Each structure stands twice: as C-alpha cells, then as structure tokens.
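A.B. asks: Listed here are the chains, written in short residue letters.
There are 2 protein chains.
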Amino acid sequence: MKISELSRRTGVTVATIKYYIREGLLPAGTPVTVTTADYDAAHVDRLRLIRALVDIGQLSITTVGELLAALDREEAAQPTANGRTTNKARAAAVRSAVTATHDALAAGAPPISAAPERALAAMAALGWTVDPKSSALGQLETALAGLDAVLLPPSEATLRAYGGAALAVAEADSAGTPAGSPAEIVRHTVIGTVLYEPVLIALRRLAQEELVGRSRSQR
Amino acid sequence: MKISELSRRTGVTVATIKYYIREGLLPAGTPVTVTTADYDAAHVDRLRLIRALVDIGQLSITTVGELLAALDREEAAQPTANGRTTNKARAAAVRSAVTATHDALAAGAPPISAAPERALAAMAALGWTVDPKSSALGQLETALAGLDAVLLPPSEATLRAYGGAALAVAEADSAGTPAGSPAEIVRHTVIGTVLYEPVLIALRRLAQEELVGRSRSQR
Chain E
1 MKISELSRRT GVTVATIKYY IREGLLPAGT PVTVTTADYD AAHVDRLRLI RALVDIGQLS
61 ITTVGELLAA LDREEAAQPT ANGRTTNKAR AAAVRSAVTA THDALAAGAP PISAAPERAL
121 AAMAALGWTV DPKSSALGQL ETALAGLDAV LLPPSEATLR AYGGAALAVA EADSAGTPAG
181 SPAEIVRHTV IGTVLYEPVL IALRRLAQEE LVGRSRSQR
Chain F
220 MKISELSRRT GVTVATIKYY IREGLLPAGT PVTVTTADYD AAHVDRLRLI RALVDIGQLS
280 ITTVGELLAA LDREEAAQPT ANGRTTNKAR AAAVRSAVTA THDALAAGAP PISAAPERAL
340 AAMAALGWTV DPKSSALGQL ETALAGLDAV LLPPSEATLR AYGGAALAVA EADSAGTPAG
400 SPAEIVRHTV IGTVLYEPVL IALRRLAQEE LVGRSRSQR
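Order-wise, the sequence lines are chains E and F.
The numbering of the first sequence is my numbering, which starts it at 1 and goes up by one.
The numbering of the second sequence is my numbering, which starts it at 220 and goes up by one.
It should be emphasised that the hints constitute simulated quantities derived from the structure, not laboratory data.
If you're wondering where the values come from, they're calculated on a predicted model, not measured in any experiment.
Every residue, glycine too, gets a C-beta built ideally from N, C-alpha and C.
Among the hints, erroneous ones may be present.
[Said to hold, decoys possible] According to the in silico footprint, chain F covers these stretches of chain E (three or more CB under 8 Å from chain F):
(1) 90-104
(2) 170-177
(3) 195-206
[Unchecked claim] Now the in silico label distances, taken between C-beta atoms and shown as ranges:
(4) E:Ala114 <-> F:Met220: 24 to 32 Å
(5) E:Asp40 <-> F:Arg241: 49 to 57 Å
(6) E:Arg214 <-> F:Met220: 41 to 49 Å
(7) F:Val263 <-> E:Pro79: 54 to 62 Å
(8) E:Thr13 <-> F:Lys352: 44 to 52 Å
(9) F:Lys352 <-> E:Ala115: 27 to 35 Å
(10) F:Val263 <-> E:Ala157: 26 to 34 Å
(11) E:Glu23 <-> F:Arg228: 38 to 46 Å
(12) E:Val44 <-> F:Val263: 46 to 54 Å
(13) F:Leu370 <-> E:Ala114: 39 to 47 Å
(14) F:Gly432 <-> E:Val44: 18 to 26 Å
Using the sequences provided together with the hints, build the complete structure.
C.D. replies: Next comes the structure, spelled out in structure tokens:
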C-alpha cells in the first residue's frame, strides 16, 4: 500500500510516519519509484504498537526506540519453533525478555548516584533476591526517596502488601503468557510489561473508589 | 528566609521557585521590601511536595496545580479536630479526598468520546460498583483499548488477578492512613494516591525479576 493508505488505516499522519522511519522505529517501505514506497501489513502492526507505547505506555520516542530494538533483538535471538516449545525454552525466553525490557525502559532514566539502600532494604524485607544492578531497583529507590522527602514512607505492613500484590500480578502475567513460539512469548513479555502498567494503575484507583463505596454503604 | 535560602534548602533554582509562584503552585512570600520577600518552613514543605509530584509522580505542572488546589480545598473543608477523629469523619474525609484526587489527576486527560464499555465489562467481571462517570473508568478504557489494538487483551483470569492485587493495595493504603486529624488523612490520601503508584510499578518489575530468578534456580 502507499504511505497515504498506511496513514488512513492507522490514523497516524504521513508526517509522523516519516518521522518514525527517520528515527528508526519503523522500517522504510520497499522503494517503488524515486519518491514512493510500498508498505505492508507488518507496517500497520508496527505503527499500532508504536502508538500504543506512546499513547498508553506514555513512553518517549527515545524509549520506544530502545524498547522496539530490544524486542527485535530478543525475537531474533530465539530458536525457530519446531514442534512444542519446552518449558525450559519458554522460561529462558521470558527471562531474557524481562531483563531486556527493564533495561530498555531504564535507558533514558538518570543513573542513581549512591547505592539504592531503601530499595535493597525493601527487597530484604520481602525476601526477594534480585540483581543489585537491576534498573528497577533504581526506580524503587527514587520512588521511596520521594516518599521520604514528603514524610510519607511506607510502613513495613504497607510494603508487604504492595510486594504481595506485585508478585500476584507478575505470576498472573507469567501464567497468561501464550503457549506459542519463543518469539511470541518474547513479544508478550516485552509489550505486556509496558502496556499492563496503566491497567494496574487504573484498577488501583477504581479499587480505591470501590472501597470508598463499600464504606458508604456500611454507614 | 530569603528566596536564595529557600532555593539552597530545597535544591530548586530561584527561577523555578518564581515560576511556581506565578503558576499559583506556591504561595508568594511575605513582602519585606519592594524587591524581597520572606519565606518560611511551609514554603520548604510545599516546594518538596511539588518536586516529588513532578519528579516521582511524573505529573505536568498543570496537573500538579490541579492536585494542590484539590488538596488545599479538601483540607480546608475538613472540620477542625477536637479530640479523637471518629471512624465516620475519617471515612468521609477519605471518600471526599479520593474523588477529588482522581478528578484532579484526570483534569488534563482528553475525555473519552464513547461509553467505556471495556472498563464497565471489567467492573462487572470483578463485581465492583463504581460511579459510571468516574474518571478512572476512562483511564482503564484507554488502557484496555490499547491492549486490544496490539492484540494482547487480558484474559478474565488476568483481569481477576490484577483486580485482586489492586484491591489488596487499596486496602493497605486505607489501613496505612494515619490516625490523625481529617486534614492529615486528606493529605495522606491525596499525596499517597500519586506517589505510591511508582512504588507499585517498580515492585511489579522487581517481582518479574524475582520470579525469573526462581525459575532459574529450579532448572
């Protein structure tokens, strides 16, 4: 299809499509003449993914670039599926995709200067064993330092409740990973990590409203 | 203290402090001469709160303005504490603060044009009763529509797991609300709603890494 048709099908303007191609987020079309190129269904899918990561995931274009590069790299690194994917291959695909995703998401974040002491204390309280160099530890440290600054640090009970909820969600993500090829598992892990975050945040707000409603009906 | 001292104590530049005053996020100091004003500890606290909402909560200046206006309005609306705050007064303060916070956070978001059908179906599946006009329903609808667009909609099992986790977190927030005056409860609810979101997101990523680590040690 022409770029105008690609634009019509996805609702993304031609100028924005050209910008994504220049930034390396979207592969260029197949040249037809000096000034026109041909686009296919893969371009439609990729554009929809970019829009979801920008609009729903609220990621910057730079971070989308990092994430798509990680996705492409991880998909290419998977063995071609021949027959049923073993549990071992499945676990390896998820493991590799999780690390690549978190690193891509943290690529734009400023590095934390000191050791993430609050985050490491939280891991110890939860009994979790994560890589001390994990980028997510830096995120947690920043969040906890911000709560300290406004004198609202979590109690140990609150931390345990959040940790338990986070683990339940991660287990559901893992259980919900499709029984497909390693490449499909990678895609689900990378994209799901980003696009399920706003679902969790919206549901937390709705859960607050649900609880408030229950307290009202008990008056 | 002078504005230079306020800047030194909070690490916020004088130009940024003046910008926050112009935008109405921070009250002006008490005039001392035509060109200087006096600032106090309340300015230090408010500046730290603004920085946390911007840096940790990732809110725009407009949204911070909406949120602080909601906080000030809700605090002023609470009766002065005389003696112990009753459970009824406590529940009323939380109820009012939750609604005001969600509305402030959603003030900048584009309105969704159609009924939030996916979000309402999710509420029905979870057995939750929320106001159909809730701004958080619009957020959930947007998140679910994005997942539909990339062909990764949640299964009912995933939705239930996320809903259960969200409710556990909301219950922990409620249990962790300090037994203080209604104004303190409001402050905890408004600020906690925003600043605990990044904690939950970081913990979800760390939970993924913890699960991946467990699967590796079981090889």
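A.B. asks: Indicate, hint by hint, whether the structure satisfies it.
C.D. replies: Going through the hints against the structure:
1. 90-104: Result for this restraint: holds, n = 6.
2. 170-177: holds (count 7)
3. 195-206: With 12 residues in contact (Cβ-Cβ under 8 Å with chain F), the coverage given for the stretch 195-206 of chain E holds.
4. E:Ala114 <-> F:Met220: 24 to 32 Å: 28 Å, holds
5. E:Asp40 <-> F:Arg241: 49 to 57 Å: 51 Å, holds
6. E:Arg214 <-> F:Met220: 41 to 49 Å: 46 Å, holds
7. F:Val263 <-> E:Pro79: 54 to 62 Å: 58 Å Cβ-Cβ, so the 54 to 62 Å window holds.
8. E:Thr13 <-> F:Lys352: 44 to 52 Å: This hint is violated: roughly 32 Å between Cβ atoms.
9. F:Lys352 <-> E:Ala115: 27 to 35 Å: With a Cβ separation near 46 Å, Lys352 of chain F and Ala115 of chain E fall outside 27 to 35 Å, so the hint is violated.
10. F:Val263 <-> E:Ala157: 26 to 34 Å: 29 Å, holds
11. E:Glu23 <-> F:Arg228: 38 to 46 Å: 41 Å, holds
12. E:Val44 <-> F:Val263: 46 to 54 Å: 53 Å, holds
13. F:Leu370 <-> E:Ala114: 39 to 47 Å: 42 Å, holds
14. F:Gly432 <-> E:Val44: 18 to 26 Å: 37 Å, violated
Of the hints listed earlier, those the structure fails to meet are numbers 8, 9, 14, in rising order.
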